Structures are given as C-alpha cells and as structure tokens.
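Colleague: Chain order of the listed sequences is A and B.
Quick note on numbering: the first sequence equals residues 1 to 322 in this note's numbering.
Quick note on numbering: the second sequence equals residues 1 to 322 in this note's numbering.
Please keep in mind that the hints were generated in silico from the structure rather than gathered at the bench.
Be aware that one or more of the hints could be misleading.
Chain copies aren't distinguished; within one or between two, either way the pair holds.
[Stated by the list, open to error] Below are the SDA-like pairs computed for lysine to any residue, each with C-alpha atoms no more than 20 Å apart in a straight line:
1. Lys112 with Asp90
2. Lys8 with Ser190
3. Lys112 with Glu89
4. Lys130 with Leu7
5. Lys125 with Thr85
6. Lys125 with Thr91
7. Lys132 with Ser86
8. Lys112 with Phe45
9. Lys132 with Leu209
10. Lys125 with Glu82
11. Lys125 with Glu89
12. Lys6 with Gly239
13. Lys112 with Lys235
14. Lys112 with Glu43
15. Lys125 with Asp90
16. Lys112 with Thr85
17. Lys146 with Leu28
18. Lys238 with Val223
19. Lys6 with Leu152
20. Lys130 with Ser86
21. Lys8 with Glu43
22. Lys125 with Ser86
23. Lys112 with Thr91
24. Lys112 with Ala44
25. Lys219 with Ala169
Given the structure is predicted, the values throughout are model-derived calculations rather than measurements.
So you can see what is in the structure, the chains are spelled out below.
2 protein chains.
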Amino acid sequence: MSEKQKLKVTLLAGGVGGAKMAEGFASLEDVDLTIIGNVADDEAFHGLWVSPDIDTMTYTLSGRINRQQGWGLADEGTRALETLTSLGEDTWMMLGDRDFGLHIYRTMRRMKGDRPSDIAADVAKAFGVKSKILLPTNDVVQTRVKTEQGWLSFQEYFVKEKCAPAVKALEFAGIEEASATLEALEAIASAELLVIAPSNPLVSIEPILAIKGIREALKKRAVPSIAVSPLIAGKVVKGPADRMMSALGMRADAVGVATRYQGLADILLIDHQDVALSAEILDLSIAPHCSDIMMKDMSDKMRLASEIVDLARAQGQNGAAA
Amino acid sequence: MSEKQKLKVTLLAGGVGGAKMAEGFASLEDVDLTIIGNVADDEAFHGLWVSPDIDTMTYTLSGRINRQQGWGLADEGTRALETLTSLGEDTWMMLGDRDFGLHIYRTMRRMKGDRPSDIAADVAKAFGVKSKILLPTNDVVQTRVKTEQGWLSFQEYFVKEKCAPAVKALEFAGIEEASATLEALEAIASAELLVIAPSNPLVSIEPILAIKGIREALKKRAVPSIAVSPLIAGKVVKGPADRMMSALGMRADAVGVATRYQGLADILLIDHQDVALSAEILDLSIAPHCSDIMMKDMSDKMRLASEIVDLARAQGQNGAAA
C-alpha cells in the first residue's frame, strides 16, 4: 500500500465518544473516512424528528460543536424552547435554536418522503463536513429501555431520567423490519479498515450491527477490524455503558466489550490500566492492544487514530506475509 | 345599560392595524373584547404552519410584541433561521426563534388533529391574553394575489416582493368550502357592539366576511356596527390597501372603504382630513364620523376605542328612543 494513497476507513460510531474518534480519523490526511452512525436514539420532540447521534457527529466534524458539552452547537440560544415551555410543552430534551433549524429541516424533508440517509448527507455537506456520514438504515429503529419504571425511550432514560433507573432489558423497536442502506453495506464491503468506535456497545453499536445484513457484512470482511474499548478500568468515559452492562449481567470491562465484538473485531484497543485483562481478551480470539485510549483533546484523537491506522497497516503486511 | 356592566365588543381584525385597535378596546375596563381574526394569510414555511395575523394579535395583546416592528416578539433571535439558510432553505419570511417555538407547537397540534381555533385559544391563554381571539374558520383559506408575475401567496406578495408587483386580482383559495366556526358566529350574534378594525378591507376583512355565514350574520345584526377607515387622505397607514384598491379599480379613500362595508357598518370613522368625503359616505347609508383615527401610541388607541364605545352607546340610546 502506497503511503500516498488514502486508506478507506469505515467507522461504526454512536454519539459523543464516536464523534471524538471520527474527528481523529478525519484529521489524518492519509485517511478517507466514512462513518456509519446510530439512528436508534432518534425520537420525535414537539412533532420534530431529532437524531441526536447523527447530529453530534455532524456538529463535531464541522467544528461547530459546543466543546464544553460535547453535544449541541456553539453559540446556541434557548428562545424556541422557552416558547414551547410557556405553551405547556414538556421540554426536558435540551434543543437549541440553531438545533431547531436542523430539526425543522429534517422533519420537513422526511414529510416530503426524502430518504433519511439523503437528508443526513445533505446536512453534513451543508455543514461543510468532508467525511461521509451514512445511516445504517432508512427505517425507524428505536432503542427502548426497560427499567424499574417501565419501558422508556432512550432519550427518556438518558436525558430525562439521567440514566438513574436500573436497566432490566433493552430492545430495538422496528429492528426486525429494518433493512440496511446500500451505502452502509457498500462502505463495509469497500473499506480497507473497519473501526468500531469507543461508543456504547449496547445502545450505540448494537443497533447498527443488529440491522439485517450489517453484522454479516462485518463478519465476512477481508480487511482488519479494530475496536476501541469505551471502558477504562471498568468505568465508562461518558454515558451509562458500564452500568447497563452490569445490570444486564455482562462484565463491565474490556473483556465484556470484547465478548460483544467476538467475530467482528480482530484487535481491541484497551487502556494500559487494563493490561491484566489481555489474556482473557485473547481467549475470545481478539488481539488486545494496550494504549492510552482516553481522548481528552485533539492531539489524543489524532494519536489514537494514527495508532489504529498503523496497527491495521502492520496487520495487513503480516497478513500479506502469512 | 349600566355603566358597571361590560360592553360585549366583537372586533373583526387583521394584523398590525387590527391589533392596535384591539389593544385600545382591551385596555378599556368596561369592555369585554372578542376578536375574530384573519387566517387567510396563513402559510406553511419549512413545513411549519405560520399564522401571521393571529400571532400579531396574540403578541400585541400579551404585551410581548416587538414595538419597533409592530410584529414579531421582543427579544427575538435568528439562530433557527440561520441554520435553515445554511441548509439551503429560502428564508425570506422572517421567523424568530421564539416565534418558531409557537409555529412548532401549532404544527404539532394541527398534525394531531386539534382544531385550529382551540390551538389559537390555548396559545392566547398561555401568552396571558385576556381577550378572546377567535378564528373565523377552522378550514384552510388562503389569499392568492394575481400580479404581473403570476399568482403569489399573500406572504410572497407582501413580504418577499414587498408589495411591488401590480395587483390584477385576488382570490381566497378554499373559501367556497370553508365554514365559519360556531364561536365566531356566536361572537357576532351575542355582541353588543360590532367593530371592523382599520385593517386592509380586501385581504384582512374580506376573507373573514367571505366565509359562509359571517357576512350574513353581520347583516342581520341588531346592534351598532362601527368601522374604522384604514385610509387617511387616500393613503394607508401601513400595508398595501391603497395600492390594491386602486389597482382593482376601487376608490382608494374612505369612500372606497365605505363601499366595501355597505350594509355591514352603520358608522365609519374617518380622519378629520377626510371630512370632505362625508356626503358621499352618507349616500352609501353609512354615517361618517370624523375623528383623529391615527393610532400612534397607547393613548391614541384608548381614546379611539373609547370614542367608538361612546358612539355605540349614543346610537343605542337613540335607537331605544326612536
């Protein structure tokens, strides 16, 4: 492989953590990045279709993200939400004024019958995103969280209830009928490197994998697949992955993550702190690779992305030599 | 009639001029005000249902109107519209962020199947409006303006084209099938004083009157009906009424206004400057009443509203004496 040629990287990713990883790859000049994002935390608010993970990805890669929060746009306002509140609407879902412009646009185009994946691509383009942001499906798939309070939508669990209720089960409503987009299947088939971002394995990555055709396409890969653990020393960087995994009877550590990705990843990047888990991960036929996987700033993101590219190139050469 | 008892005033009114008149009546302690507003300049923007005249009325009577503009809310932002612009949407219709909150709410409730008149009432209540704001119909009626550029929606003509194209014809799409709301008919039937605001006779008042049952209810009145001319010395205070009337072969003065309201108004308030038109107005069986009808500030609005109430009470006494 020529160093001049761009490496086609396809990244499976959820929201904030996935967007950080995407930013790392997008900043590498020798990478041509395609993201397959998560739509299972989409939900209608006030009659508008909101797609939090896809928007976080778009906002991050456009450089317009609110860096303090990690989600939403910089220089946001709350005027539209204030009106909705004064009209008696339940406004626990924080939606900014600039944000609303996008939700209005998305909803209008969906009502017109446009494909959600075309809308997402047009939005990314308008925001100046160079990487491709693909949807795994154009069908509606929605994560439902069974808790001690009953079934909640993902945003109800995550935003309204702040992940407090104990999780008893997860389901992805609509997943049986959902079909993968051709763009997503093609991005997996044509990738030279597949990466699973350090996103929540259960509610960000699983609802991508569970769409008919996607897991199978990943299993059939002829190129390296590298996953990054979202857990460091049994704790998640952000979100409820650790709590959810424990609650559902899984190990809430890098071994638990590796178990989810058996057959789907060749290498799992884990933190130096988790070196003791290496043997157990290897037992799952995934090669552990210790690194500093916490992404605090842009240089961390670039370093981690570079390291993954180097690992893939080394594996490619080993593969060719074998 | 006891001075303690509130006079039931029903006002037919359009946007900015109508809202000024409404504010005058709403400020009188001895008046119980009901407004029948205009929905024929409603239009969908970016998939949201916008109701400019009704909103101007609500914003004005809640005291939250942008006083400099006469429309829109105070302390507004343009972030949502900026997003829509960046997404390639044509954003000539100025919609503020707070405004968008209302349009989102209205659209959501319409999609749910709620009656537009119930939505308008709930919005007015949430905004703290004491007067009743009624819709003349729950059906969609839309003013279309035939110009040298072809047929335009009212907002295209008014906002986008700034009333520049010469008007050749007007039509109200949907008017044949529209039926009046029971609330509007009841507000006319139970009024003790009917007032036609100094709104555009052709595109604000006519699409109210033209809804089946409304003109007839007004004609059958047993109480005084008083109109206020929107034209002073042949010029309109705001909007295209004078140009439209001329273009359509009508006299663009208080006589032209009186012609429109023959059989519907007993008295027409005209400006002192138009005293010379009195005889011609009287020939149309409408009593001209000269006053200072320009409403520059709150005291003007109150004075004019008081004057109308006094005229009505005097007419009522004359009627009782006759």
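Colleague: State for each hint whether it applies.
Modeller: Against the structure, the hints:
no.: 1; hint: Lys112 with Asp90; verdict: between (27 Å within a copy, 16 Å between copies)
no.: 2; hint: Lys8 with Ser190; verdict: within (8 Å within a copy, 74 Å between copies)
no.: 3; hint: Lys112 with Glu89; verdict: between (26 Å within a copy, 14 Å between copies)
no.: 4; hint: Lys130 with Leu7; verdict: within (15 Å within a copy, 66 Å between copies)
no.: 5; hint: Lys125 with Thr85; verdict: between (32 Å within a copy, 14 Å between copies)
no.: 6; hint: Lys125 with Thr91; verdict: between (29 Å within a copy, 19 Å between copies)
no.: 7; hint: Lys132 with Ser86; verdict: between (39 Å within a copy, 19 Å between copies)
no.: 8; hint: Lys112 with Phe45; verdict: both (18 Å within a copy, 13 Å between copies)
no.: 9; hint: Lys132 with Leu209; verdict: within (19 Å within a copy, 55 Å between copies)
no.: 10; hint: Lys125 with Glu82; verdict: between (30 Å within a copy, 16 Å between copies)
no.: 11; hint: Lys125 with Glu89; verdict: between (32 Å within a copy, 14 Å between copies)
no.: 12; hint: Lys6 with Gly239; verdict: neither (33 Å within a copy, 60 Å between copies)
no.: 13; hint: Lys112 with Lys235; verdict: neither (43 Å within a copy, 43 Å between copies)
no.: 14; hint: Lys112 with Glu43; verdict: both (18 Å within a copy, 17 Å between copies)
no.: 15; hint: Lys125 with Asp90; verdict: between (32 Å within a copy, 17 Å between copies)
no.: 16; hint: Lys112 with Thr85; verdict: between (28 Å within a copy, 19 Å between copies)
no.: 17; hint: Lys146 with Leu28; verdict: neither (40 Å within a copy, 57 Å between copies)
no.: 18; hint: Lys238 with Val223; verdict: neither (30 Å within a copy, 69 Å between copies)
no.: 19; hint: Lys6 with Leu152; verdict: neither (43 Å within a copy, 51 Å between copies)
no.: 20; hint: Lys130 with Ser86; verdict: between (39 Å within a copy, 16 Å between copies)
no.: 21; hint: Lys8 with Glu43; verdict: neither (31 Å within a copy, 46 Å between copies)
no.: 22; hint: Lys125 with Ser86; verdict: between (35 Å within a copy, 10 Å between copies)
no.: 23; hint: Lys112 with Thr91; verdict: between (26 Å within a copy, 18 Å between copies)
no.: 24; hint: Lys112 with Ala44; verdict: both (16 Å within a copy, 13 Å between copies)
no.: 25; hint: Lys219 with Ala169; verdict: neither (26 Å within a copy, 67 Å between copies)
Hint compliance for this structure: hints 12, 13, 17, 18, 19, 21, 25 are not met, and every other hint is.
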